[in-house]
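Visitor: Chain A is fixed; fit chains B, C, D, E and F onto it per the hints.
Same order as they appear, the protein sequences are chains A, B, C, D, E and F.
At the far end of the first sequence sits residue 413, using the working numbering, and the numbering has no gaps.
At the far end of the second sequence sits residue 413, using the working numbering, and the numbering has no gaps.
At the far end of the third sequence sits residue 413, using the working numbering, and the numbering has no gaps.
At the far end of the fourth sequence sits residue 413, using the working numbering, and the numbering has no gaps.
At the far end of the fifth sequence sits residue 413, using the working numbering, and the numbering has no gaps.
At the far end of the sixth sequence sits residue 413, using the working numbering, and the numbering has no gaps.
Among the clues, some could well be false.
Since the list can't tell identical chains apart, any single copy or any two copies may satisfy a pair.
Keeping only pairs whose Cα atoms sit at most 25 Å apart, straight-line, the calculated DSS-like set for lysine-lysine is [said to hold, decoys possible]:
| id | residue 1 | residue 2 |
| --- | --- | --- |
| 1 | Lys239 | Lys260 |
| 2 | Lys222 | Lys408 |
| 3 | Lys301 | Lys194 |
| 4 | Lys380 | Lys318 |
| 5 | Lys194 | Lys303 |
Since the hints were made in silico from the structure, they are not lab data.
Protein chains: 6
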Amino acid sequence: MEIERLSTGVEGLDEKMEGGLPKGSVTLITGKTGTGKTAFSASFLYAGAMKGESGVYITAEEREEDIKGDIKAMFGWDFDTLEKKKLIKFITIKPVFPGKAISGEELSRLVKLYIFDLANKIESAIKETKAKRIVLDSISIIEMFIKDAYMCRVAMIQLTDKLREMGVTSVLTGTIPEATEVLSGGGIIEFIVDSIIKLDFVPVAEEFKRTMTIRKMRRTDHSIYIHPFDITDAGLKLIEIK
Amino acid sequence: MEIERLSTGVEGLDEKMEGGLPKGSVTLITGKTGTGKTAFSASFLYAGAMKGESGVYITAEEREEDIKGDIKAMFGWDFDTLEKKKLIKFITIKPVFPGKAISGEELSRLVKLYIFDLANKIESAIKETKAKRIVLDSISIIEMFIKDAYMCRVAMIQLTDKLREMGVTSVLTGTIPEATEVLSGGGIIEFIVDSIIKLDFVPVAEEFKRTMTIRKMRRTDHSIYIHPFDITDAGLKLIEIK
Amino acid sequence: MEIERLSTGVEGLDEKMEGGLPKGSVTLITGKTGTGKTAFSASFLYAGAMKGESGVYITAEEREEDIKGDIKAMFGWDFDTLEKKKLIKFITIKPVFPGKAISGEELSRLVKLYIFDLANKIESAIKETKAKRIVLDSISIIEMFIKDAYMCRVAMIQLTDKLREMGVTSVLTGTIPEATEVLSGGGIIEFIVDSIIKLDFVPVAEEFKRTMTIRKMRRTDHSIYIHPFDITDAGLKLIEIK
Amino acid sequence: MEIERLSTGVEGLDEKMEGGLPKGSVTLITGKTGTGKTAFSASFLYAGAMKGESGVYITAEEREEDIKGDIKAMFGWDFDTLEKKKLIKFITIKPVFPGKAISGEELSRLVKLYIFDLANKIESAIKETKAKRIVLDSISIIEMFIKDAYMCRVAMIQLTDKLREMGVTSVLTGTIPEATEVLSGGGIIEFIVDSIIKLDFVPVAEEFKRTMTIRKMRRTDHSIYIHPFDITDAGLKLIEIK
Amino acid sequence: MEIERLSTGVEGLDEKMEGGLPKGSVTLITGKTGTGKTAFSASFLYAGAMKGESGVYITAEEREEDIKGDIKAMFGWDFDTLEKKKLIKFITIKPVFPGKAISGEELSRLVKLYIFDLANKIESAIKETKAKRIVLDSISIIEMFIKDAYMCRVAMIQLTDKLREMGVTSVLTGTIPEATEVLSGGGIIEFIVDSIIKLDFVPVAEEFKRTMTIRKMRRTDHSIYIHPFDITDAGLKLIEIK
Amino acid sequence: MEIERLSTGVEGLDEKMEGGLPKGSVTLITGKTGTGKTAFSASFLYAGAMKGESGVYITAEEREEDIKGDIKAMFGWDFDTLEKKKLIKFITIKPVFPGKAISGEELSRLVKLYIFDLANKIESAIKETKAKRIVLDSISIIEMFIKDAYMCRVAMIQLTDKLREMGVTSVLTGTIPEATEVLSGGGIIEFIVDSIIKLDFVPVAEEFKRTMTIRKMRRTDHSIYIHPFDITDAGLKLIEIK
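So that you can see chain A by itself, here it is in the shape it has in the complex:
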């Protein structure tokens, strides 16, 4: 049984993971601020669009126009045009202030509703665009919203199970707090996803250096090296060390 793979859109990366992300899997792209998570996410959707596979970009923190502007400035890719061609669809799920501080008895019910509602929104967008790929940028603010560790783990299991049932291949972005060596702020999502790609920005003497590491990928014989990479005009690109 051969597993179908989707290209990441990152030059040199697919060959480190038997051809790309396993179809239907959930991948966490995690890194500190400024390490290139949005650039990675855009590359993943762009690679699909170039082959006629539509994708959904769910933004939970940044403004749609800022993300599109960033992508255009970095790579020259015009996501507005791709959206008109129905190859990309943006959804904004801006966090709002809860009516009151959530805690105690109602939290459980609220979290259930929240995950149910989020899954519904994603499902509608997928049906509308026949999307094969989705990006959820970022999972961190959702983790932050659910303060109880047990409930957060259950919610993350339910959300990723629903993504798998929808048949899409998902990329979630997560943020790593500065000055730590963890994989996520909450320490939960990394146990739930199928794959983890960690982006880093490491101080080396008087300079910073970008690196990418595949920390986990189910059903895949993946590279276990720490790969340096560049953000070039044409997208992300792994640097091969001979």
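Guide: Okay, now just chains B, C, D, E and F, sitting in the frame of chain A:
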């Protein structure tokens, strides 16, 4: 009095522990995300099935089909067929949202019920299949559910005592939080089990390296080395260092 | 599409970031106490004023006369005169003791009001002076005021979105607690801003050394070096290492 | 005034401490999981039994039959036979779930009762067997039960004072959490006991190494070396380094 | 505009900071226990008194007679005589037990009153003696009294603003907890003051070494070296390293 | 003004501190478990008794007979005889369980009473014996009893002020938690006392080494070296390094 041993199914490992896991003991397989805990668990049950000993796989977090798919992709083992032959049985104990946030006076009663119920489910499955081996994947979400350290320790003692009374040989998986050197997230289960096998994924210069260490094994003169290992098509395999 | 840039007023810095801060972006200037955050902020506004672009300096902690005095003593720049010429405007939003300790249900409503009110004050000052640049010194006491991490993140998203909608280019100062390697006290604002410039004061043997690093800058191919800098009579100045 | 000493039963250890544990003293055997605390405790009681001095083994966490089985498997000592000869007596004080979560006003009274009850049980067993030695395995779950640090310290003082008044020589086992360098989980018991023997399991390159150190022993000119030791068929044995 | 400077009274220090502490500024003298904070404070007031400038010494923790005795023993300076000559005035603001544990709604009002009352006491003493210099020894117990970080920051801003409005030059002492590298116990006061001088007591091989570093000084081109210093009969003295 | 000094009774130590502890001062002897604090305390009282100066030994944790036994075993000093000669007096202030968990409003009043009562007991014993020296072993359990940091600091100030007013020279023992580099468990007492002598037990390769350091001593030009020391039959003894 010679102790009966059950093969782990990991090539080269049994000979590091006087022949295998002591019959009736409880072993914790612990490691960070992506270190091979599911692969180890599957190997343990598969080794039994190949000798006609049936086993139960209790999954508390992942979907049954994902685990079966992972095993098939990694090793080519068909757990669906083994399940039809009554050599493997899967039980799912998916965590649910509690009706309300649990705390205070009711917690003690609830935890007692939870452990009682879990033990009953396991016992039924064992009786039905005459299982000799069980895997509980993972114990971490159960630890997370019981927030009070003292109650958690008591619950873990009761659960492992019940497993010993059922006469099965048990493998529990646990997750080690990233960027720590502990043996479990809760710091409790490691004092309760008979044996601990720790899986690791250590960054060495520009690469990651997998290792396996027997940290504790009662009634056994076990290896105290840190063994590198590979995940091969034919299962896990210790690398001998000459 | 060429992005418009605003000079930072720091000698040698603009050329490290394609010409200056992207128009309309939000930049965090962060550092431990005494690393030169006020000096940086003043340079940014002064560089604008010298080209006839007016700016607003919002002080949340220090007295207006102290800031003006500091700037005069350091660089000889007369902000009083610039204020008379309508090129600079100071707003003081001194923190007050809350009527009572804020917590629970009312916090959500209060935080919403606080951010709404702060944004209004800033908007009025911008309209009055047709300001192109604003400095908010410091964001840290506002972060400290909103104790809940989730609400703080939402508030920071709303505040920076409003700044972007007003069309100004913003510099926020933040304080890094001593003896840590984080980017801010609350660990939140760094994920929200477009750019981060980190100032440092590093003990080297028997001496301290000032450094400046661009940690993140969207839509910009920026320097990834750690630059030493001096506070000279004529303003801040990067030291070029050949 | 010569102090009477009781042999530890560990080969080579008595001569490092003027002949053995001071009569009537309370010794903490502390170490991480799998370092040999039960082996040490058994050696202490066995050494007494071989000289006709009876002892009591109080188990608070493990099943009596597991401890007996472990001792038999490790050293071939038959504690069942010794129990029939009235040379060893086992008491089980299995922790139970409290009727409700204990806290607030009742805690003080409950802790007093708990210590009173435990002391009574120990005293009866001592009278019944005329025991000279007792083992309490482990003190850690009792420390965990009493969450308030001050009350825990007072309870530990009262418990050890009662043991001293009973005239027995006591060995308490304690567990050190993984990845720490403390002497106990609660940080309290080490200030209360007369002697501390610390067992360790230190990773050295690709291997783990067992060590034993006398950290404190009142009225004794003890060794201050870190001694490696082996668990042999004939009991624990210090390795002499020439 | 030349800034007026007040001598610190520490031999060799004024020349490291353009002549002394800026008039009207607030300086934090911070260090671990036993590093010489009281010696520094006394030197500052004594240097003023020798020029006919009177000063106020506010003690919040130690007894007036102990401070005077310490100063006499160290340097032979007779503060009793200086007090009779109206050149020095001691105020004791011994902390008292609050009528009840302060928290919740009343805290805000209480803190306001506390700061108001403290400022009044200081102002009266300044008016009575026409003081130019004040020492507040120590700010740490006041920080400790106000447990909420936000309120503490606001209170510290209000207190230092009031000191600046009174026109005096102030020295506040703060204590650094052992085994940390922070600048104060609360992590707040260092952001509020104009200047920070850190005293240290560094273990070097088999010996401890005293050092003094100017960590921050507004409007001043100050030394950035770590200066060793001695406590001599004639006062504190920097050691010049050629 | 020459300061009167009291010998510490530790061979070689008085000459490191201008002749001994300053009369009327409060000294903290602090160290981890097993570092010799009781041995130091006994030496201090014994040195006084040998010159006809009586002393009081207040024990808050250990039994009087255990302390006397330890001293006899270590040094051969007979404190029972000294007590009959009225040269030493023991007071036991064994901690008891509070009637209920103390917290909230009553804590402040309770702490006041506790300190008042403790000071009274000490004062009576001093009057009865005309004591010049007192030992309070240990201050740590009192620190632990008062959980609020501000109240604890106030209580410690009041207690030490009362000791100074009684005219005695005091030695308080404190315990340093294992695996830390702090000076006390609560981080408070070290700021209150006049002098600090730190005892250490440092692992050096395969061995532990005892050291003593004078960390602070008011009105004294003290040694700043880390002195190794031995516990000999004749008392503690500094080892001179040439």
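Visitor: Next step is simple, just say for each hint if it's right about the structure.
Guide: Cross-check of the supplied hints:
no.: 1; hint: Lys239 with Lys260; result: within (11 Å within a copy, 34 Å between copies)
no.: 2; hint: Lys222 with Lys408; result: within (19 Å within a copy, 40 Å between copies)
no.: 3; hint: Lys301 with Lys194; result: within (15 Å within a copy, 37 Å between copies)
no.: 4; hint: Lys380 with Lys318; result: neither (34 Å within a copy, 34 Å between copies)
no.: 5; hint: Lys194 with Lys303; result: within (9 Å within a copy, 36 Å between copies)
Hint check: a violation occurs at hint 4 only; the rest are consistent with the structure.
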